[in-house]
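> As a plain string of letters, each chain reads:
2 protein chains.
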Amino acid sequence: MDIEQFRKAGYQAIDRICDHYSSVQDRPVRPSVKPGYLRNALPSAPPIKGEDIEDIANDFQDLIMPGVMHWQHPSFFAYFPAAGTLESIIGDLYAATAMNPGFNWMCSPACTELENVTMDWSAKLYGLSEDFLNSTNVGGGVIQTNASDGAMVAIVAARSRYQALYPEVPTEKLVIYVTTQTHSLGLKAGLVLGLPVYAFPVRVEDNYSLRGEDLREMIEMDRADGKHPFILIGTVGTTSSGAIDNIDEIGETLLDYPDIRLHVDAAWLGAAFSCPEYRERCRVPAINKYADSVCVNFHKWGLVSLDCSGLWVRDREHLTRALDITPPFLRNPDGESGTVVDYRNWSLALGRRFRSAKLWFVLRSFGVEGYQAHIRKSIRLGEIFAERVRQHPETLELVTSPSFSLSVFRIAPSAVPGVSEDELNELNERYYQNINKRKDIMLTQTKLNGTHCIRFVTGAQNTEPHHIETAFRICFETAVASIKEFMEPKRLGNCPQRQILSRMT
Amino acid sequence: MDIEQFRKAGYQAIDRICDHYSSVQDRPVRPSVKPGYLRNALPSAPPIKGEDIEDIANDFQDLIMPGVMHWQHPSFFAYFPAAGTLESIIGDLYAATAMNPGFNWMCSPACTELENVTMDWSAKLYGLSEDFLNSTNVGGGVIQTNASDGAMVAIVAARSRYQALYPEVPTEKLVIYVTTQTHSLGLKAGLVLGLPVYAFPVRVEDNYSLRGEDLREMIEMDRADGKHPFILIGTVGTTSSGAIDNIDEIGETLLDYPDIRLHVDAAWLGAAFSCPEYRERCRVPAINKYADSVCVNFHKWGLVSLDCSGLWVRDREHLTRALDITPPFLRNPDGESGTVVDYRNWSLALGRRFRSAKLWFVLRSFGVEGYQAHIRKSIRLGEIFAERVRQHPETLELVTSPSFSLSVFRIAPSAVPGVSEDELNELNERYYQNINKRKDIMLTQTKLNGTHCIRFVTGAQNTEPHHIETAFRICFETAVASIKEFMEPKRLGNCPQRQILSRMT
Numbered sequence: 001m002d003i004e005q006f007r008k009a010g011y012q013a014i015d016r017i018c019d020h021y022s023s024v025q026d027r028p029v030r031p032s033v034k035p036g037y038l039r040n041a042l043p044s045a046p047p048i049k050g051e052d053i054e055d056i057a058n059d060f061q062d063l064i065m066p067g068v069m070h071w072q073h074p075s076f077f078a079y080f081p082a083a084g085t086l087e088s089i090i091g092d093l094y095a096a097t098a099m100n101p102g103f104n105w106m107c108s109p110a111c112t113e114l115e116n117v118t119m120d121w122s123a124k125l126y127g128l129s130e131d132f133l134n135s136t137n138v139g140g141g142v143i144q145t146n147a148s149d150g151a152m153v154a155i156v157a158a159r160s161r162y163q164a165l166y167p168e169v170p171t172e173k174l175v176i177y178v179t180t181q182t183h184s185l186g187l188k189a190g191l192v193l194g195l196p197v198y199a200f201p202v203r204v205e206d207n208y209s210l211r212g213e214d215l216r217e218m219i220e221m222d223r224a225d226g227k228h229p230f231i232l233i234g235t236v237g238t239t240s241s242g243a244i245d246n247i248d249e250i251g252e253t254l255l256d257y258p259d260i261r262l263h264v265d266a267a268w269l270g271a272a273f274s275c276p277e278y279r280e281r282c283r284v285p286a287i288n289k290y291a292d293s294v295c296v297n298f299h300k301w302g303l304v305s306l307d308c309s310g311l312w313v314r315d316r317e318h319l320t321r322a323l324d325i326t327p328p329f330l331r332n333p334d335g336e337s338g339t340v341v342d343y344r345n346w347s348l349a350l351g352r353r354f355r356s357a358k359l360w361f362v363l364r365s366f367g368v369e370g371y372q373a374h375i376r377k378s379i380r381l382g383e384i385f386a387e388r389v390r391q392h393p394e395t396l397e398l399v400t401s402p403s404f405s406l407s408v409f410r411i412a413p414s415a416v417p418g419v420s421e422d423e424l425n426e427l428n429e430r431y432y433q434n435i436n437k438r439k440d441i442m443l444t445q446t447k448l449n450g451t452h453c454i455r456f457v458t459g460a461q462n463t464e465p466h467h468i469e470t471a472f473r474i475c476f477e478t479a480v481a482s483i484k485e486f487m488e489p490k491r492l493g494n495c496p497q498r499q500i501l502s503r504m505t
Numbered sequence: 001m002d003i004e005q006f007r008k009a010g011y012q013a014i015d016r017i018c019d020h021y022s023s024v025q026d027r028p029v030r031p032s033v034k035p036g037y038l039r040n041a042l043p044s045a046p047p048i049k050g051e052d053i054e055d056i057a058n059d060f061q062d063l064i065m066p067g068v069m070h071w072q073h074p075s076f077f078a079y080f081p082a083a084g085t086l087e088s089i090i091g092d093l094y095a096a097t098a099m100n101p102g103f104n105w106m107c108s109p110a111c112t113e114l115e116n117v118t119m120d121w122s123a124k125l126y127g128l129s130e131d132f133l134n135s136t137n138v139g140g141g142v143i144q145t146n147a148s149d150g151a152m153v154a155i156v157a158a159r160s161r162y163q164a165l166y167p168e169v170p171t172e173k174l175v176i177y178v179t180t181q182t183h184s185l186g187l188k189a190g191l192v193l194g195l196p197v198y199a200f201p202v203r204v205e206d207n208y209s210l211r212g213e214d215l216r217e218m219i220e221m222d223r224a225d226g227k228h229p230f231i232l233i234g235t236v237g238t239t240s241s242g243a244i245d246n247i248d249e250i251g252e253t254l255l256d257y258p259d260i261r262l263h264v265d266a267a268w269l270g271a272a273f274s275c276p277e278y279r280e281r282c283r284v285p286a287i288n289k290y291a292d293s294v295c296v297n298f299h300k301w302g303l304v305s306l307d308c309s310g311l312w313v314r315d316r317e318h319l320t321r322a323l324d325i326t327p328p329f330l331r332n333p334d335g336e337s338g339t340v341v342d343y344r345n346w347s348l349a350l351g352r353r354f355r356s357a358k359l360w361f362v363l364r365s366f367g368v369e370g371y372q373a374h375i376r377k378s379i380r381l382g383e384i385f386a387e388r389v390r391q392h393p394e395t396l397e398l399v400t401s402p403s404f405s406l407s408v409f410r411i412a413p414s415a416v417p418g419v420s421e422d423e424l425n426e427l428n429e430r431y432y433q434n435i436n437k438r439k440d441i442m443l444t445q446t447k448l449n450g451t452h453c454i455r456f457v458t459g460a461q462n463t464e465p466h467h468i469e470t471a472f473r474i475c476f477e478t479a480v481a482s483i484k485e486f487m488e489p490k491r492l493g494n495c496p497q498r499q500i501l502s503r504m505t
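Keeping their order, the protein sequence lines are chains U and R.
Using my numbering, the letters of the first sequence map in sequence onto residues 1 to 505.
Using my numbering, the letters of the second sequence map in sequence onto residues 1 to 505.
Treat the hints as calculated values from the structure; they're not laboratory data.
Among these hints, one or two may not hold up.
Among chain R residues calculated to face chain U with C-beta under 7 Å, some are [what the hints assert, rightly or not]:
1. Y11
2. S22
3. L38
4. V68
5. E87
6. C107
7. E113
8. W121
9. N146
10. V156
11. V192
12. I325
Straight-line alpha carbon distances no greater than 25 Å define the calculated SDA-like cross-link-like pairs of lysine to any residue that follow [what the hints assert, rightly or not]:
13. U:K227 <-> R:K173
14. U:K377 <-> R:E4
15. R:K173 <-> R:A199
16. U:K447 <-> R:R321
17. R:K447 <-> R:A199
Over the 10 Å line for every Cβ pair with chain R, so calculated as not near, a few chain U residues [as the list claims (entries may be wrong)]:
18. Y166
19. F200
20. P201
21. E220
22. E249
23. P276
24. R281
25. N288
26. E317
27. G418
28. L424
29. H466
Since the model is a prediction, treat every value here as computed from it, not as a measurement.
Note that the Cβ used here is the ideal one computed from N, Cα and C, for glycine as well.
Go ahead and model the full structure; you've got the sequences and the hints to work with.
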């Protein structure tokens with residue numbers, strides 16, 4: 001493809017992105033395709049001769065797009081949002097003129113420095129302490145691919161530090177602490193690192209968040225048992241219910257156990273740190289006081305598209321001591337002199353895409369105020385949904401207090417008096433399946449201490465109040481229908497004769 | 001930013017990419033900036049009010065671009081190439097209309113299936129065995145962020161399998177095998193996983209590649225010592241010299257030790273598998289016969305931009321058994337039924353960018369023939385350079401046989417008769433520093449068994465023979481100057497009186 005063909009294809013791609021984002025709300029949020037739909041539609045081998053870019057682009061529209069779930073659809077309320085801002089797309093496009101693997105300063109100085117600066121900007125946007133700034137040359141921020149990488153890096157750094165302090169402790173005595181509400185990244189890190197992961201149970205009455213005294217009790221118990229916990233992954237905004245661990249209590253407790261590091265996973269909720277009025281509730285002061293590291297995914301609620309996850313650490317040397325391997329072919333005077341940051345020593349991998357370009361475009365084009373406006377709007381929309389649920393206690397209930405833009409709800413026990421908790425779970429599972437059959441709305445389910453519930457989270461940029469009202473209407477009507485459907489055979493079940501009769505007629 | 005502002009900004013970005021790629025050859029390959037140049041040029045905090053996208057884009061040109069190393073420059077011969085094809089940029093742009101974290105089939109069916117299909121296409125392009133195809137439902141391919149991730153996944157899967165077979169073996173007895181020439185990803189995986197990494201020495205006379213009998217000897221020795229090697233990372237195309245381990249001998253040896261898995265890292269050289277005439281030399285038949293997994297970075301020589309690294313495995317269950325964690329909020333009927341692939345269980349992380357779009361665009365727009373033409377051209381260009389070195393034995397020498405597009409050379413011992421090997425290394429180090437001062441050409445250095453040398457690798461799409469000739473002229477003239485510079489004080493040093501005289505006059 002020559003430059004002019006590229007220009008034409010590029011303009012066309014831009015036009016199609018325009019068409020897509022200006023019309024996505026008119027399409028189903030979920031695709032109606034069956035497993036194998038695309039494999040069956042494509043040849044089994046690549047073409048021998050090169051094909052025209054326009055044909056490929058048309059196939060993208062005709063074959064790929066019908067199988068896409070639209071995470072930026074205004075009626076997407078599932079999982080967590082996945083940012084797809086136009087500003088981010090532009091930033092990523094500019095990054096194409098600086099394609100490089102970014103493993104050290106020398107291999108593209110601008111890329112390293114822009115990451116360095118934008119991570120400080122974001123730290124300030126989020127109200128993080130000075131300690132986490134790159135400008136301190138002690139702490140600092142780095143862009144990771146995702147929150148799993150961030151947690152893994154934090155765990156590896158903590159393990160390395162612990163083993164340096166206590167070289168006599170056998171590896172199999174080391175323990176990672178999480179709660180039952182921690183994202184699966186905790187368990188996965190345990191699988192990958194071959195370390196046991198102890199998950200603290202958390203209580204409904206604590207809104208599924210970890211308390212300091214429970215932590216102390218567990219540490220004492222596990223230590224008495226010869227175990228060596230070396231890191232706790234606290235969560236600010238759990239996936240299931242948006243629970244916020246009591247970072248202040250946890251941090252205060254850990255003062256008595258200074259060998260146990262504290263990593264805070266705020267992958268989703270971290271974007272809300274941008275609004276000063278939410279910081280107290282999000283435990284930002286406690287994070288600033290106690291956390292060794294904290295992670296926020298820009299690519300969830302934070303307006304930057306995948307992949308872009310921020311990790312800030314209080315002491316960069318904990319990372320570099322654990323991860324630095326500098327082979328001869330990467331040695332260079334700037335790196336050796338210590339005047340520059342070589343980000344490969346802050347991450348699991350060597351190479352990395354130039355991600356700070358899109359972060360820079362987003363932070364500048366939205367500005368602090370625009371960023372805050374996006375977060376506040378999502379929360380306001382989430383509150384409308386929660387309020388509607390509260391207005392229908394005869395049918396629905398919030399299972400736990402809404403957490404910012406996330407509400408967790410279910411069919412209320414009062415809607416089906418006399419049924420057991422198991423039956424209620426079964427009903428709610430069917431209720432979710434009924435919602436899940438629809439293509440015009442997307443929600444996900446979860447379990448909270450055995451209770452089957454449904455999550456509703458806002459955050460797509462173009463969601464408006466009327467989308468929430470429509471979504472609630474669907475949730476409400478589907479609940480009523482699900483209750484009816486559930487109760488019918490039950491009544492028959494209680495009355496065998498009628499069941500037989502109905503079969504006969 | 002509204003849609004029309006985006007369209008305008010998008011067109012402008014496309015135009016600037018056109019300007020960039022049509023003029024990059026006229027600019028220095030290396031930036032002339034000092035550490036801190038960009039940090040000092042940027043404000044210390046993000047703006048409060050949003051800024052105009054055009055201003056940001058202009059700042060990108062004015063502030064960022066001067067600090068960028070141009071990996072796609074035709075005179076970039078350092079590290080390994082980093083693909084930045086226009087086709088890939090278009091593909092990545094289309095992916096922006098399907099922004100999603102791709103962790104399972106349901107969260108965007110098209111993305112999972114396109115990855116599934118394009119990984120089969122690439123396997124066929126590279127001549128990999130049927131066993132590695134997704135269509136078998138036994139083996140399969142997955143896009144990883146990079147080769148470090150791919151190796152880590154392979155190691156974790158191997159460790160998990162080994163520990164399932166021998167649950168009584170303590171973790172600290174497990175050992176990862178690499179060679180001294182393996183990419184630092186091996187050592188880094190050891191650091192991250194907390195496992196010892198044993199690096200086999202390799203011989204100059206074997207062209208720095210691992211032999212089967214050496215492997216057998218080491219296994220026997222280590223086992224006798226109570227160690228449990230469970231995986232060997234073989235390399236096809238090492239970073240330092242492009243060495244190719246004897247995968248056939250290694251594989252044959254490992255038949256006697258079936259508990260030791262074989263992962264082949266062909267991150268760079270794998271792209272050459274696309275040409276049937278190179279497969280034998282690249283040990284593709286042996287990979288097909290013996291390897292449990294193999295990795296090729298599309299984003300190096302493979303025409304797809306960062307991040308995009310292919311990992312193929314012979315048995316996908318080894319991955320999913322080691323890495324599957326399915327929390328309730330990710331459970332869905334399609335995933336549970338086993339009819340679809342959920343790629344989160346093939347990787348370290350949960351979320352992932354839609355990378356197969358650009359792979360699809362590249363494979364189709366180049367076609368098999370276009371892909372092969374790119375590889376063959378790079379190799380031809382590399383051979384020109386190697387030939388020029390051979391033509392000047394009085395000054396330069398190839399340190400090892402050129403490996404496809406990679407030559408490793410140095411100032412020849414014959415150019416400085418009588419100097420020790422240490423002095424020769426010192427001279428070559430200075431020689432490299434002299435080349436490294438230039439901005440119009442970019443090469444990197446390495447050490448091979450203690451010998452200081454310089455790497456020259458082709459692969460940028462727009463390199464032409466005249467770039468090679470110019471590069472060689474620079475290398476040659478700099479060598480001559482470096483030799484002169486090196487010998488001058490030496491001669492004086494050997495003749496103290498003349499040294500004094502010269503000071504006096």
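> What are the numbers of the hints that this structure violates, sorted from low to high?
No hint contradicted; all consistent.
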